[in-house]
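Asker: One-letter residues, chain by chain:
2 protein chains.
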Amino acid sequence: MLRELQLIEKLTQRTLLPSQTVRCGVGDDAAVLRLGPFELLLASDMLVDGTHFDLSRTDPIRVGRKALSVNLSDIAAMAGEPLAAVVSLALPREVPDALVERLYDGLAERARHYRCPIVGGDTVGTDGPLAVSVAVLGKVEPGGAVLRSGARPGDRLLVTGQLGGSLAGKHLDFAPRLAEARYLKEHAELHALIDLSDGLAPDAYRLAAASGVRVVLLAEAIPVAESLRGQPDALERALTDGEDFELLAAVSPRGLPALLADWPFDAQLTEVGYVEVGRGVELQWPDGRRRSVTPTGYAHLR
Amino acid sequence: MLRELQLIEKLTQRTLLPSQTVRCGVGDDAAVLRLGPFELLLASDMLVDGTHFDLSRTDPIRVGRKALSVNLSDIAAMAGEPLAAVVSLALPREVPDALVERLYDGLAERARHYRCPIVGGDTVGTDGPLAVSVAVLGKVEPGGAVLRSGARPGDRLLVTGQLGGSLAGKHLDFAPRLAEARYLKEHAELHALIDLSDGLAPDAYRLAAASGVRVVLLAEAIPVAESLRGQPDALERALTDGEDFELLAAVSPRGLPALLADWPFDAQLTEVGYVEVGRGVELQWPDGRRRSVTPTGYAHLR
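Those protein sequences? They're chains A and B, same order as listed.
Going by numbering that gives the first Met the number 0, the first residue of the first sequence is number 0, and it counts up by one from there.
Going by numbering that gives the first Met the number 0, the first residue of the second sequence is number 0, and it counts up by one from there.
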């Protein structure tokens, strides 16, 4: 889908008008809109049966959870707060009510937990697979949206949680890092933020490109998921597996020891690298050797 | 889909939390959210190939137009102004770039014309039909959202444009009545507003139910589409054909002659009935005879 994504980005750029309202359109985790003394965040994600989940062997409550959580993760990645969500469902005609109810149980659970009421949406019939499309509106104080474009040479890179292996299960039940993002904004000089939807390597590449800097990842520091430890490809999978939905943050080194020492969340916070002048992403080993990493993370690691 | 819609409405009600933010959640054309001195509107609609359009014989530019316009019609139905939209696309793997570009041409055309920039979204692969899900954010001055629940006995009912036969083509190219809605709000005592997505009869029924009143439609006054005139079922189709996307408004009779005389838009404005104490929808003939109309519009007319 990378080619399609680039096409869509190009096409969407074309529809953007000079506007007082739009501070940041296509190209970040959520759009940032100015409205009086507020900044609003708007994001949407669609999940399709057979692509993002498999209803033939997945409890629909987990599909509901994921559908809202991926959107909440976009709001977290801007250091924002969710306000409300709308849900559009495409339902195959033979889907039983019980499945739809169970899917909504998952949506409702996440809506309550993260204080993001579901305020409307649409339901349509389809001859294809079930699809659920969610859009989330969020807010942030004026100028408070943290973009992926603010990283500066000298910044340190932090990652929440552990990386890799998410598709074995975590991708359906993950916790969007809303509170963690707000804490980072309040307790660090937070310059850039992105959520890891496609994998540490490709998303670090996005952050580097948007910020006009080079990202250096320390191979031995990357928090590999417990399920992957001891496997020969553990590091590669931590770099390239998608759907971790953890945060990658660029912060000033000032106050970093205290930030790491006082971190109050269950999900660990790990320093995984730094930002320097340059472009792209490089992986560095303890002996100083480096390899460049491509946007897909694969090529130079194999 | 009526049964599914009722299920979804019930399930969505269940996810609503007591909230300072939500003035009006599920059950109107758009949700109304309070944010400081603003009221925000949030709506979403999904269109699926084979259900809402047929790509095998429709120029994709018209699909793009419709995808944004149905959402803009929801904002019009609250008498609001659009701020921005996000677009999620489910693309079958064999879809050529040219088709996607053409679809975006339709989105972009409507985005420019109605000043609603497309600020982001998502693109996913699907094994099913192409689907396009749009969410629109709008705004209105505080307390200014016009709900479907405000109609009062004595109000007159107005309809924009002409009704029926939309599926022969108009449903893909219709003009959302944003300016007409704002004009009604500024030049009439506008009590209730709804857009005609399912047909005059079912949508009048919704307005009646939400307002706790009876709607009386004058059979000879209903503006039947030119393409239907002379056909034996013209009136029934004007009442029950879906996807007109015209507005049905309940206004105070005060100032109505001037409103009708000064109406500045190409789309005609027609007085089609009135509101009285009671419930449901009745159709009245010039000789005073009445028949009740069911929510689907069909039963008592045949």
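Read the hints as simulated data drawn from the structure, not as lab findings.
Hints are not guaranteed to be accurate.
As the list claims (entries may be wrong) - Covered by chain A, according to a simulated footprint, are these stretches of chain B (three or more residues, beta-carbon under 8 angstroms): (1) 28–37; (2) 45–59; (3) 122–136.
Backbone N, C-alpha and C define an ideal beta-carbon position, used for all residues, glycine too.
Asker: All the hints need checking, so say for each whether the structure fits it.
Answerer: Verification of the supplied hints:
1. 28–37: holds (count 7)
2. 45–59: The restraint on the segment 45–59 of chain B holds, since 6 of its residues have a Cβ under 8 angstroms from chain A and three suffice.
3. 122–136: Holds: 11 residues of the segment 122–136 of chain B have a Cβ under 8 angstroms from chain A.
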